[in-house]
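Asks: Read off the chains here:
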Amino acid sequence: MSSPTPDTKPSLRDWWRPDVHNERRSLTLCAMAAVLGLTIAGAGLFSARGTRIAGVPPEDVAVVNQSPIALSDFDAQLRALYNVSPSQATPAQKRAVLDGMIREELYVQRGVELGLQNDFIEVRTALVSAVESQQDIDANATVPTEQELRDFYQRNIVRYLPEGEMTLTDYIAPDLASAQRAVLAARSGGGAAAAMAAAGLKSSGATDDGDEFYFATALHLGPQLFAVAKRLHNGEVSDPIPVGGRIHVLIMQKNQPPVAAVYADARDRVLADYRADKIARLRVGTDRFLRDRADVQIAKAFQ
Amino acid sequence: MFLQADIDRMLSDPQVAPNVIAKGRRVFLAWCASCHGADGRGSTATGAPNLTDQDFLYGSGRASEIEQIVLHGIRAGDDKGWDLAWMPAFGQAVPYVREPLPSLSPAEIDQLTSYVRAMNGAAGEAPAAVSAGHDLFVNRAGCWDCHGRDAQGDPSIGAPNLTDGIWLRGDGSRRDISRVIREGLHGVSPAFRGRLDAVSIRSVAVYVASLHAPKEAR
Chain A
45 MSSPTPDTKP SLRDWWRPDV HNERRSLTLC AMAAVLGLTI AGAGLFSARG
95 TRIAGVPPED VAVVNQSPIA LSDFDAQLRA LYNVSPSQAT PAQKRAVLDG
145 MIREELYVQR GVELGLQNDF IEVRTALVSA VESQQDIDAN ATVPTEQELR
195 DFYQRNIVRY LPEGEMTLTD YIAPDLASAQ RAVLAARSGG GAAAAMAAAG
245 LKSSGATDDG DEFYFATALH LGPQLFAVAK RLHNGEVSDP IPVGGRIHVL
295 IMQKNQPPVA AVYADARDRV LADYRADKIA RLRVGTDRFL RDRADVQIAK
345 AFQ
Chain B
168 MFLQADIDRM LSDPQVAPNV IAKGRRVFLA WCASCHGADG RGSTATGAPN
218 LTDQDFLYGS GRASEIEQIV LHGIRAGDDK GWDLAWMPAF GQAVPYVREP
268 LPSLSPAEID QLTSYVRAMN GAAGEAPAAV SAGHDLFVNR AGCWDCHGRD
318 AQGDPSIGAP NLTDGIWLRG DGSRRDISRV IREGLHGVSP AFRGRLDAVS
368 IRSVAVYVAS LHAPKEAR
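Line by line, the protein sequences give chains A and B.
For the first sequence, this note's numbering begins at 45 and goes up steadily by one.
For the second sequence, this note's numbering begins at 168 and goes up steadily by one.
Calculated directly from the structure, the hints in this document are not laboratory data.
Please note that the accuracy of each hint is not assured.
No more than 30 Å apart at the CA atoms, straight line, and that leaves these computed lysine-lysine pairs for DSS-like [said to hold, decoys possible]: (1) A/K298 <-> A/K274; (2) A/K274 <-> A/K246; (3) B/K247 <-> A/K138; (4) B/K247 <-> B/K190; (5) B/K247 <-> A/K322; (6) A/K298 <-> A/K246.
Owing to the predicted nature of the structure, the values given are computational and were not obtained by experimental measurement.
Model the full assembly from the supplied sequences, consistent with the hints where possible.
Replies: Put into structure tokens, the structure is as follows:
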């Protein structure tokens, strides 16, 4: 094996021989590799298909521009449209469902390209809702410990107060003196209803339907009278109450204030509230994160 | 090919079922047992459904239906999940946020309770209260809209059958039925899409289906 001397130009026959030093060959091969690389990159760049994955993942039925169409969605669609399982579906049914889903995916992607989220209120609402839903999904998958739930219940026990109930009659007096006479008579041991009638008081009819939840009584009486009613005990007669130009007297038959549900009875609501609180916190956090990373410019007139 | 196969046929395939059920049980114990219990029998104290009986709140108990619930949940915030109706809280000023429904008085809730109990064979309910409860059920309270005029429920929206003596919350006592009518009910089943892999989701769905499957399908 001979090696060329530095001042000797290698013959064409020696050009490919790896044991023969040849700078021109090295440069030529480098240039060819560079051209090939640029060609591949250019083809990838301008074909607009992006980088393709090698195949469709097993949990998907197709991949459209890198967006998977889930097999579970395909199955659900097949059942919804034809009421058949995948093994019962005909090839034509499968093809029709798949074509429809691919078309939908292509149109969604095209919609994003066109920026339709800027134009359609429904799309914007759906996008906001979808982002919020992601937080809901995370929060709803939370499984707090029993102790965490008990602590939450104790901190928020007022939430587990049911509505109180009351049965009362709202009387209207012709004047203040009649009302005072009726109240005195009722409190002195005579029958309250008879005392009211004797003094010329009549039921307003606002609460004559019997037992009511607190919220219903509050609606029927208004806040001022309800505030008085809440403080009355069973059988108690109120003082005359002037409201809106009329004199009222309330007679309480039954007042059952709310008593907080014990933890065991309220547990499912405690869990729901625990998750709802978590969702609310996540939303606040997300709002802050999005604002922090955003470049929001507000016109001077609106600052 | 596991994910490409028909999930509804897995339970009846002796080659597939044992392995899938074994894996599904592991997933169930890790992710589902905290609510439904290790035996899948749920809890009437918390309103977590019993998964071992033939009483299906949603759908008909097929593995494919369960797979969709595991994926997308019930009232879990996932748009593909179940969230078509809630049991209104008739003892509140606004019983239902999605559509206007009237609040009921305590006496009316008692009448509805009597009607529901009478449908389940409870003795001692006053006929007048039962009749008034029925009237509320099919008219003003609008219960029929979800539960059906025959009160046998609607598995396409998760409305329970109120005539079969199977209770989601409580034991069918006057106190428990009355409480559900007053306070409402809208349980949540989480969506595990993105949290569990597709094989685990499919396996646990098959496992849950096996809990209530007729013996010949096991």
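Asks: The structure should be examined with respect to each hint, and the outcome stated for every one.
Replies: Hint check results:
1. A/K298 <-> A/K274: It holds: about 11 Å lies between the C-alpha atoms, which stays within 30 Å.
2. A/K274 <-> A/K246: 21 Å, holds
3. B/K247 <-> A/K138: Holds, at about 21 Å.
4. B/K247 <-> B/K190: OK: B/K247 and B/K190 at ~25 Å, within 30 Å.
5. B/K247 <-> A/K322: 22 Å, holds
6. A/K298 <-> A/K246: 20 Å, holds
Going through the hint list in order, the structure satisfies each hint without exception.
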